[in-house]
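Starting from the known structure of chain V, arrange chain X on it as the hints suggest.
In case you want the letters, here they are:
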Amino acid sequence: MITVRPAEQKDAEAAIGVVRRSITELCVPDHHHDEKTLATWLANKTPQNFLSWLSNVDNFCVVAESNGHLLGVGVLQRRCEILLFYLAPGSQRQGIGRMIHATLERKAAQWGLESLYLESTALACPFYEALGYQPTGRPVLHFGVLQCFPHAKQLQPDKSPKRMRQKSRAA
Amino acid sequence: MQSHATQFLAAPGDAFPVKHRSVTVDGIQIFYREAGPPDAPVIVLLHGFPSSSRMFGALFPLLSSKFRLIAPDFPGFGHSDAPAPATFTYTFDHLADCIRKLLGHLNVSRYALYLQDYGGPIGFRLAVQNPKHVTALIIHNAVVHLEGLSEAWAVRKAWWLNREAHEQKIRESLLSAQVAQQRHLAGVSQPELIDPDTWSEEFVFLTKPGMAEIQLDLAFDYQSNVSAYPQWQAYLRDNRPPTLVVWGKNDPLFTVAGALAFAREVPETETHLLNASHFALDEKPVLIASLVYQFLDSRLAASVA
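Chains as they are written, first to last, in our numbering: chain V, 1 to 171; chain X, 1001 to 1305.
Looking at chain V on its own, in the form it has when it is part of the complex (with noise of 0.2 Å):
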């Protein structure tokens, strides 16, 4: 069975594995291998960097597991951004990766956000797009030949609940 709960310090080595066996194998039409691009997006996915994500108040993070290993991490961040999403290689298209989108999509309404902005690799946008993201803009350079592709999701268009969050959030 499959479960998708908040990761704590325990799964920093593991998760930090998904994380770059994810980048490294799967996200191959983002790097193409390019030693330099790949050096760079690797080089912060640490534990100890896992670990401070983990730390600050302002993100959510969480792992999907199954019979004790790890096949996907994902951190929301408080400022309307999904940080980091990777499926270990072998779990796409399994429904896992929607499951760790879900959790983060409850986490984020219960801040009181509005909307969530991401910024995709090449690979993942169909993805993100099936969850209802919209691209917003063009792609963006990164380190070497990464491009980023901006995406967003209104997470609630109704306006009529957003004074009460206003109001609460203020007090």
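Simulated from the structure, these hints should not be mistaken for lab results. Cβ coordinates follow ideal geometry from the N, Cα and C atoms, glycine included. Just so you know, not all the hints are guaranteed correct.
[As the list claims (entries may be wrong)] Which residues of chain V face chain X? A few of them, derived with a C-beta cut under 8 Å, are:
#	residue
1	Gln9
2	Leu42
3	Lys45
4	Tyr117
5	Pro150
6	Gln154
[Unchecked claim] Here are the simulated DSS-like pairs of lysine-lysine, each with C-alpha atoms no more than 25 Å apart in a straight line:
#	chain 1	residue 1	chain 2	residue 2
7	V	Lys10	V	Lys45
8	X	Lys1208	X	Lys1169
9	V	Lys107	V	Lys10
10	V	Lys36	X	Lys1157
11	X	Lys1157	X	Lys1169
12	X	Lys1284	V	Lys45
[To be verified] Some residues of chain V that are not near chain X, with every Cβ distance over 12 Å (derived):
#	residue
13	Ile2
14	His33
15	Glu35
16	Ala39
17	Asn67
18	Gly90
19	Gly95
20	Cys125
21	Phe127
Chain X alone, transformed into the frame defined by chain V:
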């Protein structure tokens, strides 16, 4: 994408040097920087607090071969006159009125607006009054939604409700060297990218005799902007101007929620959140120039070509 950026760097910005000019509007000298071919599509760049048209310095050579750039200093800022509040009323309405007259004087009636911080409320006043003048909006950390104001605005909001009770605190922050520095450094991931002239000159500017009174009056009037947000949102919905949001997402004052909200009013909005802070041009001038160029080139296709 990169080719555009390198194209900018190779572009003969020297062919269109920046002219530093001023005109008299209602007895006030308004300073402005201008560059670019006289017949090119116009971008009017409106600066933030407590900056001036100087904040667009890096953008000028990157865009001036394709666009006519006009960047005024508001009355009370930069090199424009700063008469005492006894003789000049410092409100956003009044500043917008002066900028409108300046553009009229320059015979500019079709322009894209590039708006940062205070430039937002001034630019939206121009747009609401003359929607047909505006060819496009470029929004760079400028707010027209309540959720765009971060919790850092709590003190200001309290001040707006009771000026006497909170004014001392606001005045101290206005005259503080540390606050002047933090306006440019807070949220910046690589502080060494920031030219210390940005904040040290703003500190000198703010501590000039009489300047605090001017800036307090104007900052107190900022609440008139908050009241106008629904009107400005309606303008966006009704006119749907081509809109580009380039937003430093680490801005402690203006939230990412405020950046993403523009797409609610104008669904075709192009939005880019940059790993930068309030004065994102300090950190990402080439990226921003590249996004602005590509956006206007595609949305104003007929007029640019």
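- [ ] Please write out, lowest number first, the hints stated earlier that are contradicted by the structure.
- [x] 1, 2, 3 and 10
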